[in-house]
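So the protein sequences, as listed, match chains G, H and L.
Under this note's numbering, the first residue of the first sequence carries the number 1, and numbering increases by one thereafter.
Under this note's numbering, the first residue of the second sequence carries the number 1001, and numbering increases by one thereafter.
Under this note's numbering, the first residue of the third sequence carries the number 2001, and numbering increases by one thereafter.
Derived from the structure by calculation, the hints contain no laboratory data.
Where a beta carbon is used, it is the ideal one built from N, C-alpha and C, also for glycine.
Don't take each hint at face value.
Claimed, not checked - Below, a sample of chain L positions facing chain G; criterion: calculated Cβ distance under 10 Å:
no., residue
1, G2059
2, K2062
3, C2228
4, R2240
5, M2274
6, E2338
7, A2342
8, D2357
9, Y2363
10, R2364
11, R2368
12, I2373
13, S2376
14, L2377
15, R2406
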Amino acid sequence: MSTVDQLQQQFGPAILRTESFRDNVRVIVTQEAVHEVLKHLKESLGFNMLAELTAVDYLNYPDAVDRFGVIYGLTNLDSGERIFVKTYLNEPDLTLPSVCDLWQGANWLEREVYDMFGITFAGHPDLRRILMPEEFVSFPLRKDYPLRGKHERHNFPVITRAES
Amino acid sequence: MAMTADFFISKLDYVANFIRANSLWPMPFATACCGIELMATASSRYDLARFGSEVMRFSPRQCDLMIVAGRVVMKMVPVMQRIWLQMPEPKWCISMGACASSGGVFDTYAVVQGIDRFIPVDVYVPGCPPRPEQLIAAILDLQDKIRKTGTLFGKEFKERTTFDGPAPLHLELNEAEIVTAPGNYESATRLH
Amino acid sequence: MPLELVDRVDEDQLDQEYNWTLNFGPQHPATHTTLRLILTLNGETVLKAVPDIGYLHSGFEKLGEDLDYNQYVTIVDRMNYISPFHNEVAWHHTVEKLMGLELTPRCKYIRTILAELARINDHLLCVGAVALDLGAFTSFLYAFNQREAVYDIFETVSGQRFHPSFTRVGGLMNDVDDVFVQKVRNFVKQAPKAINDLTRLLNRNRIFVDRTKDIGVLTKEEAINRSCSGPVARASGVTRDLRKDEPYLAYRDFDFKMVCAKEGDCYARYLVRMEEMRESLNIIAQAIENLPSGPVNVDLNGKVTIPDKSATYRSIEGLIQHFELIMTNRQWKPPINECYGAVESPNGELGFYIVSDGTGRAYRARCRPPSFIHFSLFPHLIEGHQISDVVAVLGSLNIIAAELDR
Chain G
1 MSTVDQLQQQ FGPAILRTES FRDNVRVIVT QEAVHEVLKH LKESLGFNML
51 AELTAVDYLN YPDAVDRFGV IYGLTNLDSG ERIFVKTYLN EPDLTLPSVC
101 DLWQGANWLE REVYDMFGIT FAGHPDLRRI LMPEEFVSFP LRKDYPLRGK
151 HERHNFPVIT RAES
Chain H
1001 MAMTADFFIS KLDYVANFIR ANSLWPMPFA TACCGIELMA TASSRYDLAR
1051 FGSEVMRFSP RQCDLMIVAG RVVMKMVPVM QRIWLQMPEP KWCISMGACA
1101 SSGGVFDTYA VVQGIDRFIP VDVYVPGCPP RPEQLIAAIL DLQDKIRKTG
1151 TLFGKEFKER TTFDGPAPLH LELNEAEIVT APGNYESATR LH
Chain L
2001 MPLELVDRVD EDQLDQEYNW TLNFGPQHPA THTTLRLILT LNGETVLKAV
2051 PDIGYLHSGF EKLGEDLDYN QYVTIVDRMN YISPFHNEVA WHHTVEKLMG
2101 LELTPRCKYI RTILAELARI NDHLLCVGAV ALDLGAFTSF LYAFNQREAV
2151 YDIFETVSGQ RFHPSFTRVG GLMNDVDDVF VQKVRNFVKQ APKAINDLTR
2201 LLNRNRIFVD RTKDIGVLTK EEAINRSCSG PVARASGVTR DLRKDEPYLA
2251 YRDFDFKMVC AKEGDCYARY LVRMEEMRES LNIIAQAIEN LPSGPVNVDL
2301 NGKVTIPDKS ATYRSIEGLI QHFELIMTNR QWKPPINECY GAVESPNGEL
2351 GFYIVSDGTG RAYRARCRPP SFIHFSLFPH LIEGHQISDV VAVLGSLNII
2401 AAELDR
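Isolated chain G (complex conformation) (with noise of 0.2 Å):
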């Protein structure tokens, strides 16, 4: 029985549908159930590896319907399978429990998305910025912030020779 198949019997509702595109095998779950559909997926399952955990904002998304959504590679290095578990949050509520303590990789991916975001994630121990520096306030990866960004990047001060 194909993986996805295992997964629909376990979990049934939680997991909304699922797609295949090119060679990627996705399956669409509720934010409630990510977390142990998970657990499933690398206790009983074998996927013991998680390759990339990664958010999209889909603002401006054809036919989009949720605002974020957050996706999380696994591979099952026995066998060689990869599955793509993609779960889609909306305002107000953009937290996640965090996968930190099922891979431990996850503990600087985590921190990725939240600074590039503002996605939380509950239960990471450590959760602050990582790429920006922590005085900054907005998420750049979001749609709303333009690329040449508000000015943050010019405001130092100015050495002219004389100084030094």
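Knowing the structure of chain G, use the given hints to seat chains H and L on it.
Below, chains H and L without anything else, positioned relative to chain G:
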């Protein structure tokens, strides 16, 4: 011929410039890809040591030339400024590569569009990344500059009191949309 | 900026007066450009290391939403800047997967040869940098000298020493000629000498071995749990190589070995990289002898590749196709979907997750950077070691700051 003090000073100027130009010890502020070309310039094929840059000392207190190679991000600007202030006079700065000179391909929220907005620069090297020969040409240009305009006591540095960097970008936002984030960016990364 | 160490060490165990904090700052010769470590030391022993990154974060992913599929390859080059061609291969592998394109055999072989050359480049620099940090300056110069030969080949093909920006959607910028074939053959003949020189200098060098053996040991379970890939994982016993497990380009046709080790320390990682260089030379030797002839770009009727100048200026179909692809209101029409594609870069699994909204620009171009994930291993690996082991471990993980921060 009357041996005036100016005659001595100008001869000493010449000697001082000769010494300083031919022993420029660089401090590589290597941030990104240009850093690899800087290392390649210092390696055996395009040896930089034959022009006087014998050692690359990584301590700012022991160098006289800061080569900023690579893009400078806003988180790094206070670090760069602090290192510039730590270097003793006489000192010069080469901005290597398109990203250090003007932001390069990265016109984004995080990259500073040219380090000359915050640091006084003497020579710019274009290229992405510049070939080692271009960097060597820049060092030779700097040596020329030192020989022509250098003085024994560094008077030419005290005269540069105004900002000689670029004008503000015309693509910048209007007043209403500018967000200066709360918090002290100056102490952000250890300027004090 | 106050940086709080989140989980404090047990205060009964330590003599509080003698712990001190060292800032291994962003500007430091051994930090391989712009990363910062805050080390808590008890004498010379590292108790805790807190990494602080983001000093080279340039907004690559935001730029990916602003440039189209062929323009972004120039930016992708600048991520892992010591083997830039591999990043281009990864990006266009994913874009072509999204669009459902199949490359011509000649293009696959050429991309494979250049990718393996970039892999040799990367490993040479990594080994050279580790040697430099541990004091072996001669090895660094030997490695850099050999890299010049690879730069020469890239310059023949694309005009640039590195950052060639050579791949395009559906093919390459231009075809290669006999000069290239001759240079690659010469390279395959003379590169083993440099690799053997490095082996003789470092493999049984008492100082090198003492400084890298049993330092920074990564067990197999830890490697899997912390999402490692590439030489770092293979040196710990994880037998996964995307060239063998999910073959892309022309790797199915070649006979090469996957290099693994069991101990997982810095010395094992160094040995894995040296042996991988030899396997890469093997692949290049097989590929250059069997280079298929034929077109390099996917057919004009497929309407995805930019035609070359003679077709653009002399045929109406070529002109129209050029117009359709370059003008900003037209461009490609990929399917409205998302796709993940990964390749085995010299650092590990380099993947791109592209969300496309049907226009010629990606809606979201996410890069899965191996350096980012490996650097999060660092605090775990360095605990309990001396301060002089920090450079050995950092070098063996091959952290490239631009890929780390993007």
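Right, here's what the structure says about each hint:
1. G2059: holds (7 Å)
2. K2062: holds (6 Å)
3. C2228: holds (8 Å)
4. R2240: holds (6 Å)
5. M2274: Interface hint status for M2274 of chain L: violated (25 Å vs cutoff 10 Å).
6. E2338: The hint holds - E2338 of chain L has a Cβ within 10 Å of chain G, the shortest such distance being about 7 Å.
7. A2342: Holds. Min distance 7 Å.
8. D2357: holds (6 Å)
9. Y2363: Result: holds, 6 Å to nearest chain G Cβ.
10. R2364: Status holds, d = 5 Å.
11. R2368: holds (5 Å)
12. I2373: holds (6 Å)
13. S2376: Result: holds, 4 Å to nearest chain G Cβ.
14. L2377: holds (8 Å)
15. R2406: holds (8 Å)
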